[in-house]
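Chemist: If you want the building blocks of each chain, they are given just below.
Number of protein chains: 2
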Amino acid sequence: MSEVKPGNTVLASSISKKFLKEVDERIQSMVSIKPNGPLLVAFLANDDHAAEMYATWTGRTCESLGVRYELRKIDDKDFLEEAILSANEDDEVDGILVYYPVFGNAQDQYVQQVVSREKDVEGMNHVYYQNLYHNIRYLDNNQDLKSILPCTPLAVVKIMEYLKVYNTLLPEGNRLYGKKCVVVNRSEIVGRPLAALLANDGATVYSVDINNIQKFSRGESLKFAKHHVEDLGDYSEELLQECCQDADVIITGVPSESYKFPTSFIKDGAVCINFSSHKNFDDSVKTKAALYVPSTGKVTVAMLLRNMLRLIENRRKMAGN
Amino acid sequence: MSEVKPGNTVLASSISKKFLKEVDERIQSMVSIKPNGPLLVAFLANDDHAAEMYATWTGRTCESLGVRYELRKIDDKDFLEEAILSANEDDEVDGILVYYPVFGNAQDQYVQQVVSREKDVEGMNHVYYQNLYHNIRYLDNNQDLKSILPCTPLAVVKIMEYLKVYNTLLPEGNRLYGKKCVVVNRSEIVGRPLAALLANDGATVYSVDINNIQKFSRGESLKFAKHHVEDLGDYSEELLQECCQDADVIITGVPSESYKFPTSFIKDGAVCINFSSHKNFDDSVKTKAALYVPSTGKVTVAMLLRNMLRLIENRRKMAGN
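Chains A and B, in that order, give the protein sequences.
Numbering of the first sequence is given in numbering that gives the first Met the number 0, commencing with residue 0 and proceeding in unit increments.
Numbering of the second sequence is given in numbering that gives the first Met the number 0, commencing with residue 0 and proceeding in unit increments.
Mixed in with the good hints, there may be bad ones.
Same chains, same label: a pair holds when it works inside one copy or across any pair of copies.
[Stated by the list, open to error] Below, simulated SDA-like cross-link-like pairs (lysine to any residue); rule was C-alpha separation at most 20 angstroms, straight line: (1) Lys76 - Ser186; (2) Lys163 - Gly177; (3) Lys17 - Leu162; (4) Lys72 - Gln106.
Hints were generated in silico from the structure; no laboratory data involved.
Nothing here was measured: the structure is a model prediction, and the numbers come from that model.
Chain A extracted, bound-state conformation (with noise of 0.2 angstroms):
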């Protein structure tokens, strides 16, 4: 890791290539099992411009590992559905991607639960979320199957940890004792993982949509080991500058291209991470933050390949080894 100044940008190109390198380790170990590497299928039913961007990326990335990328366009949403159910079914497929939103609207959500878990490499089947809420780690009782974390709530962790949030000193699981955190955005997708995930890791998160805040801390509930959540109340700017104050990490994830983080609420020093595909700070985030990632795409890339190596072990170990 090289060293970067306070008040640096640091870019998800950078922090991804660890996570690559050992992608490609990885794959390479496997050229006995997948002799012309393992096949990804993405599916591209919109013409969403982020969306595409994100393709192109991934085909790239895929490539230079030796990775086969086949996006399959389809022009016709109603027929996406059909595709990826085909897809579930082709052996020679051993991971499955779709570029959302394709409908836009909760149509997106059965969509989601539509790809198969086996083939998942976005973890966004029910199972995943569920399991990232609860703290589980493995799919099976023998903890022989390793579940996986949805790609983009992954990718902020492994970017915190790369710039040193998570604590190593600190137990594994309590890495972020002590640490504030505010995410903007509670979708189910990310925002809402997201900030268990960080308080199922020992942060206090203060989590912001437009209807209210909410704040997610680590539960005491033994049975589930599952965080807690409670309403501070309705979204005011005053109620999200006073969470603000001594927050550790900001995390931005609003999908709309005027949005702006004030600058003003960001404590000196803070990190601040935008997952979102529009920038949601401005350049003046560099006079306040220590660290600032700008965006979080090829990490999430890097992430969804390392989920897919994972399913493809699992699917090897079911079948019998």
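Chain A is fixed; fit chain B onto it per the hints.
Modeler: Chain B only, in chain A's frame:
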């Protein structure tokens, strides 16, 4: 079935009688394996008036049929998930039901998937929806375990059968052949699956939401025997009126007190059914509709109990009889 006059209102309470009688008989015949009656656990974590009313009906209906009904009120929504998970694991519990909305956003779709598929009397598990869309009737390849249907869409179908919109002279699976239906609501919970069910049974369905109008018709795909969906255009009153011109059935489910379906759009002699908890038709509907069903809740409760009995049967079969 008693005769009804044209223009008459048909109440869900009359329609449900036949189904409740069937449920009663099956519960009687089950007394050796369930001496105390089956146990249905319902979670209420909101103070929605419609939900409370629905909870009361369910309780009364259960009582009259020898079903034990336990309403578990959850004050802090944060504990709902754990409460459902305990009920999932409790062998005493035969069926689980959650009164929605809980969070009133996408988190509700997460909660739906937390309920164990084997106790999900509402039929909201992804597998049940996916089977509905693809016209798949069984959960296993041996065709031993019958799938269930989400209870509100199923209730509307049963109402349409009762009202003789389904023509029993036609072969099963095509009994709506030639019929045109309008469904005003395209939620993932009711509107979209209902449109698919009707299309899979041979109808042409105009599915209406605030954004656009779509046409669902019987699919040509042999593999999945799935309906086809076509976009007709952005929503406008004109387009809606056009779709209604020769519609045999108009079904509404708009969750708004102020919404009223325009009576002038209704074809003389159409069948009108409202599944919203608000009255989506005003009283003038009776001057146009041959048959009018102002609410469906009581049939939904009957379907929910029917689903529970099927789930009990499936669980017995899975346990090896």
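Chemist: All hints, please: hold or fail.
Modeler: Results for each hint:
1. Within a single copy, Lys76 and Ser186 get their C-alpha atoms only as close as 23 angstroms, which misses the 20 angstroms cut-off; across copies the closest is 17 angstroms, which meets it.
2. With identical chains, the CA atoms of Lys163 and Gly177 are at most 20 angstroms apart within one copy only, with a shortest distance of 14 angstroms there and 66 angstroms across copies.
3. In the homo-oligomer, the alpha carbons of Lys17 and Leu162 lie at most 20 angstroms apart inside one protomer (13 angstroms), although the nearest pairing across protomers, at 65 angstroms, exceeds that limit.
4. Taking the closest pair of Cα atoms, Lys72 and Gln106 come within 20 angstroms of each other only inside a single copy of the chain (19 angstroms); across copies the shortest separation is 30 angstroms, beyond that limit.
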